[in-house]
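Chain by chain, the residues run as shown.
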Amino acid sequence: MPTPAASGTGSPRRRNHHAEGLEAGKRSTRTLLWVILAAAMVLYGFPFLYLLFTSFKTPIDTIAVPPTILPKEWTLENYANALGRNGVLASFINSTQTAVISTVLSLVLAVPAAYGITRYKTPSGRVFIMAALVTRMVPPVAIAIPLASMMASAGLADTPIALSIAHTTISLPLSIWLMSSFFEAVPNDLEEAATVDGCSRLGALWRVVIPVVSGGIAVTAIFAFLASWNEFLFALLMTAIRSQTTPVVIANFQTQFGLDWGSMTALAAVYSIPVILLTLLLQRKIVAGMTLGAVKG
Amino acid sequence: MRISDRRFALYLMAPAALFLAVFVAYPLFRLVADSLFKISPTAGGPRDFVGLDNYVRAFASEAFMGAGWRTLAYTFVVVALEFALGLGMALLFTALGRKSEVWRTVFLYPLMIAPIVAGLLWKFLMIDNFGLIGTLLHQAGILQNPNQIGWLSDPGIVLFSVAVPDIWLTTSFMCLVLFAGLQNIPGDLIEAARLDGAKAPTLLFSIILPLLRPVIAVALVVRGIDAARAFDTILIQTNGGPQSASETMSLLIYRTMIRFGDPGLASAMGTIYLLAMLGVAFFAVATIWRPGKDN
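Note that the protein sequences, when read in sequence, are chains A and B.
Take the first sequence: its letter number 210 is residue 210 in our numbering, and every next letter is one higher.
Take the second sequence: its letter number 243 is residue 243 in our numbering, and every next letter is one higher.
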């Protein structure tokens with residue numbers, strides 16, 4: 001998945017309007033630009049719309065030659081086929097479970113670590129945050145196989161726990177970088193005041209700092225959740241029947257049931273729409289997460 | 001007793017560090033160790049030390065060298081196109097100002113879609129016979145018949161076709177990062193240049209792009225690393241075919257392991273791949289990104 005560029009030294013930028021000099025001035029130019037934007041949006045949005053339309057076609061229509069954009073006849077048949085299939089509903093539960101466990105694990109580990117890195121600026125903290133960056137460069141395929149065999153020897157083969165741990169190897173480094181940027185923006189006086197009032201360091205962190213960065217924690221949680229929800233390689237290698245996630249089921253449709261495009265598109269739509277809606281609702285937070293730190297080199 | 005700040009910071013970092021040591025560093029160590037053995041794919045099978053033999057086999061194999069070049073080409077195509085499109089969109093959004101905010105948000109939606117779904121979707125659009133793209137190009141009079149271009153079946157172009165979903169998925173990310181960078185360019189600088197009579201291309205190449213350099217560097221490094229690891233979209237579209245023409249490094253390693261049951265060779269390939277990624281990334285970070293330094 002595409003991940004936000006994070007540089008721990010960045011602080012959330014104030015929203016300025018520096019770039020006003022770059023806005024198009026002339027009315028005719030602006031109209032032309034809006035037309036270009038509209039065209040780009042249609043082109044960009046079309047593939048997913050086509051997936052949605054296809055999911056409402058009758059199975060024969062789905063592979064009609066030549067293909068049509070809109071269904072000739074709207075039907076829910078594909079949805080019934082896809083969701084009625086053995087293991088499909090269970091895969092949704094597995095996906096949700098895995099993503100929730102992995103998100104919680106990432107946060108529990110990343111929040112204190114990022115705080116330790118940014119608040120105290122020790123040499124070990126600097127080394128650690130660079131190590132986290134290096135982890136981001138590791139190709140999943142390189143660790144997937146040893147990790148799978150480790151899980152098997154720990155008796156965790158084919159469990160959501162094992163997959164959650166694998167997903168956390170992806171989301172933890174990212175979460176550490178994101179959370180560091182958020183902590184960076186919190187003034188140190190806040191905890192100092194709390195410590196003067198008799199809070200312990202942990203107490204100050206828990207009662208004063210965490211509430212201040214709760215927005216940042218939410219952003220980090222969304223990214224960790226999305227990373228796990230959309231992940232495929234680990235899921236393919238580490239799950240069999242009991243803990244299979246939906247992306248693996250979608251991929252399996254190809255081999256197991258011939259080319260049942262209708263059901264595949266229906267399942268893909270069901271799997272995508274909740275996260276698209278969620279992110280449109282939380283878009284401000286998402287944008288904050290993605291641009292955080294990326295701007296400050 | 002009050003512990004020192006340094007120790008307290010260490011305690012805070014320890015759980016995350018331990019996690020990464022156990023679940024990332026140790027598997028990587030195992031990967032490197034496994035690369036020195038000839039390993040039988042069956043559990044509990046024989047395991048013979050062969051030294052660097054797997055590495056020799058990897059470099060001697062046409063599949064490995066081919067996958068290396070294809071991964072490079074794939075990464076270059078994905079990142080270059082994404083950058084061009086993302087920059088175009090970012091400039092467009094900037095030129096339209098605050099009124100474009102809603103559209104910026106809508107533009108982000110592919111980022112939420114699972115790569116496997118994106119791969120499937122584009123496969124459906126490009127597939128022979130009932131793929132919509134061929135049909136639309138035919139109806140527009142560009143192609144003589146809808147199947148004239150075998151997007152996913154012609155070994156000559158398949159590597160570019162399988163890159164399309166990746167580009168579609170993450171152009172938004174590139175756009176978003178560049179847009180954020182554009183927001184930080186001082187408006188008076190642009191005004192001044194305009195008053196001096198600078199035309200759009202001069203503005204872009206002599207002022208905007210140089211000022212964006214650090215942001216561009218970050219975006220290219222981050223996306224380059226991701227594109228070089230592409231797996232999901234390619235696996236579902238072509239499974240590396242036809243004739244390995246879209247087999248990139250992740251796919252080759254996966255297939256060497258799973259299909260051909262050669263964990264030792266797969267580990268050697270994985271190690272070389274990892275070292276290459278780290279090498280390129282370190283170089284990029286050290287020379288162009290320079291995290292923490294003020295540019």
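Take the hints with a grain of salt, since some may be wrong.
[Unchecked claim] Computed cross-link-like contacts, BS3-like style, restricted to lysine-lysine with a CA-CA straight-line distance of at most 27 Å: (1) K99(B) <-> K285(A); (2) K99(B) <-> K199(B); (3) K199(B) <-> K26(A); (4) K99(B) <-> K26(A).
Hint data in this document are derived by calculation from the structure and do not stem from the laboratory.
Do the hints match the structure? See the list:
Our distance criterion of 27 Å between C-alpha atoms is met by K99(B) and K285(A), whose separation comes to about 19 Å. For a cut-off of 27 Å, the pair hint linking K99(B) to K199(B) stands: about 24 Å separates their Cα positions. Under the criterion of a C-alpha separation no larger than 27 Å, the hint pairing K199(B) with K26(A) is consistent with the structure, at around 15 Å. Only pairs whose Cα atoms come within 27 Å are accepted, and K99(B) paired with K26(A) is accepted, the gap being roughly 15 Å.
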